[in-house]
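Participant: Those protein sequences? They're chains A and B, same order as listed. If you read the first sequence in this note's numbering, its first letter stands for residue 1, the second for the next number, and so on. If you read the second sequence in this note's numbering, its first letter stands for residue 1, the second for the next number, and so on.
Rather than coming from a laboratory, the hints here were simulated on the basis of the structure. Mixed in with the good hints, there may be bad ones.
Facing chain B, a subset of chain A residues (Cβ under 8 angstroms, in silico) [claimed, not checked]:
1. 33
2. 35
3. 37
4. 38
5. 39
6. 42
7. 43
8. 112
9. 113
10. 118
11. 156
Since this is a predicted model, take the numbers as computed values, not measurements. Ideal Cβ placement from N, Cα and C applies to all residues, glycine included.
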Amino acid sequence: MTPMPRYTWPAMTAHWLIAALILVALPLGWYMHDLPLSPTKLRLYSYHKWIGVTVLLLFVPRLLIRLRYPPPAPLPAPAWQQRIAALTHGALYLLMAAVPLSGWLMSSAKGFPVVYLGLLPLPDLVARDPVLGDWLKAAHETLSFTLLGLILLHVAAALKHQLIERDVTLWRMLPLSKLRSAQAGKAQFGRK
Amino acid sequence: MFALPRNRRAGLASALPGLLLVLGLGSAQALEFNQVQADQSKVSFVSRQMGVPVAGTFAKFSGTLAFDPAQPTLAAARVEIDLAGIDAGSQEANDEVVGKQWLNVKAFPSAQFVATSVEARGDKGYTAVGKLTIKGQTREVRVPFKFRQEGNTGIFDGGFVLKRLDFGIGEGPWSDVSTVADEIEIKFHVVATTAKQ
Chain A
1 MTPMPRYTWP AMTAHWLIAA LILVALPLGW YMHDLPLSPT KLRLYSYHKW
51 IGVTVLLLFV PRLLIRLRYP PPAPLPAPAW QQRIAALTHG ALYLLMAAVP
101 LSGWLMSSAK GFPVVYLGLL PLPDLVARDP VLGDWLKAAH ETLSFTLLGL
151 ILLHVAAALK HQLIERDVTL WRMLPLSKLR SAQAGKAQFG RK
Chain B
1 MFALPRNRRA GLASALPGLL LVLGLGSAQA LEFNQVQADQ SKVSFVSRQM
51 GVPVAGTFAK FSGTLAFDPA QPTLAAARVE IDLAGIDAGS QEANDEVVGK
101 QWLNVKAFPS AQFVATSVEA RGDKGYTAVG KLTIKGQTRE VRVPFKFRQE
151 GNTGIFDGGF VLKRLDFGIG EGPWSDVSTV ADEIEIKFHV VATTAKQ
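Same shape as in the complex, but just chain B (with noise of 0.2 angstroms):
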């Protein structure tokens, strides 16, 4: 905390209320989670391949996050993901899908998602509007996502489904939707701490 100098402190009186505030002690909530914990966050993803479910993670990736759960709708975030770290359930298929047919990851090595809004639903969680980049595409998605505090630990647990062949992910044979389903469902589960303030 400051050490004031006794004949200062009636001086600042008036800003006190503002110094509170934007020290946390005015609310009990303006906390901003903004340290992604990546060693316990976790990207991943299922398709269906004949109406089989293959689980799949994304071991790389990193972002920025600034969510303070009393705005939420001030919220910002970026995530940005290593694609060539992708695991699609056997070694077959990793070789596969970083191949110019998917995700074609020699000219495309990242996806990126940017949310531009943040809407709060209440008891239903939280939903982030932005703009998610992959192969050279970008589509406005919405994704639905949980937040639950634990001190001051943020846990972040959300999904959309995503449809690849909006982003010209399997093409040519695999874009037969018979064989490997248009929707991918993603999901995360971020971690993020506070910064010390």
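Chain A with its partners taken away, still in its complex shape (with noise of 0.2 angstroms):
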């Protein structure tokens, strides 16, 4: 039987890695912005910050192994359903780059300058500036909100190829064995 095409190591690494990152860094968002002040805020702030940073970070080459190792053929399934998925995976590579950048610039016009793992400070993307301060921590919110969304409704489906079409869609991207047997099962693959 010929193996299953599936996403390469690189592309599961990145995205798993990425996933990772950005799963801790909203909720450290959402629970710290509401604290009152106290070092442990502070501290909460600065992971959050570094997290945010190493994500950015790592947006390029994420996009270069995209580009570099495309991922496997699209599951047989309704146009509408590829289209979601493709504008859905879309968004969230835009997101991926747009949080963390709002967030940057939102620090910058607040006043508080990055400084990368506390060592490595980051020039400030805008001047100090309270009025655009305050419309950058909305547009940082707004985006962050969006990408939690977007996460849900990827998770979700990639849970509705598991439980319910019994495909091999989630199987491609985890680096598990479990490949080969799920071809003996209701799996579709091949291309079309």
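Both chains come to you apart, so use the hints to assemble them.
Facilitator: This is the structure:
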């Protein structure tokens, strides 16, 4: 039996690494921003920014991996589903960069330089400007909620394929050998 | 200038050199800078939070100064900073920093610096040595500064590193220096003019 086309190791690594970073940064941001000022709050803000900058740093390699190792052909599915999938994935790529970028801009505008890992000062993207700072805060929050929404949609779709269609969609993105035995089941594979 | 009657001038001849000195005619440098221009002066600081430099200022301060560049070691200075006017970088920080664990501004509304001596250090400028009192604690500090003169205006630029824990600034959980560093850079830019003689 020919092995199932799947995502390559670089693609899987990039996917899960960035997913893990985002899945920590999102709840951390939501939890920390309402805290009363304390040393803990300052620490959490720093960790949140360090994670965000890391995601931003990984964005270009992520894109390059996508270009160098294209994903396997989409599994047979109604056109509207394939379109939504493509749009969602595209939007996730955009937000992966836009969310941390808006955060960095906001930090600059509010007069707090970003110092990566507490060691490497990053340039201020804009000058201190309280009005702009408030606007960027709203932008960062809106973009973050949008990202969260799309992640939930993305996860829901993956689970739909796993539990309802019972196809290899999720398996293709998992670094497990289960993919071979999934072929024996109701999995549909191959190009249309 | 004094108008002296003719028959008095001969008697004052021996006092003339001293008189000329006092009037600043004997030496071009015998100027005393003692009129602080508060609106052109600035006292600011930088604290470090998890490696991030956060700038702040003190909006209100006053003081007296007497500095003659020809006789720097005779200089005197006294600065009083109204701590309620502190801007620590954000509203949240401003609310926190005046509290009991930080500056405790209710009990100690101002910080004072009194210079006890000034040393001239050649082209490195000067160093004022004095006593700094914050939150009821007094410590000796050395404050290097540079001075330049533009006509009747003297410009003093200097600063020093304050160790906040020496003064109990940031107590309890805030005494953790990995969150807010112990060292606070204080900088000042003071403009003073000479008084009318």
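Participant: Does each hint fit the structure? Answer for all of them.
Facilitator: Here is how each hint holds up against the structure:
Here the hint on residue 33/A is broken, as its CB sits about 11 angstroms from the closest CB of chain B, past 8 angstroms. About 10 angstroms separates the beta-carbon of residue 35/A from the nearest beta-carbon of chain B, more than 8 angstroms, and the hint is not met. With a least beta-carbon distance of about 5 angstroms to chain B, the hint placing residue 37/A at the interface is held under the 8 angstroms criterion. For residue 38/A, the interface hint holds, the least distance from its beta-carbon to any beta-carbon of chain B being 7 angstroms, beneath 8 angstroms.
Hint status for residue 39/A relative to chain B: holds, with the closest Cβ pair at about 4 angstroms, below 8 angstroms. Proximity of residue 42/A to chain B holds as hinted, the smallest CB-CB distance being about 5 angstroms (cut-off 8 angstroms). Checking residue 43/A against chain B: minimum C-beta separation of about 6 angstroms stays under 8 angstroms; hint holds. Restraint check, residue 112/A versus chain B: the minimum CB separation of about 6 angstroms is within 8 angstroms; hint holds.
With 8 angstroms as the threshold, the beta carbon of residue 113/A comes within range of chain B, its nearest partner Cβ sitting at about 6 angstroms, so the hint holds. At about 3 angstroms, the closest approach between the beta carbon of residue 118/A and any beta carbon in chain B falls short of 8 angstroms, and the interface hint on this residue holds. Interface hint at residue 156/A: violated, since its Cβ lies 37 angstroms from the closest Cβ of chain B, which is beyond the 8 angstroms cut-off.
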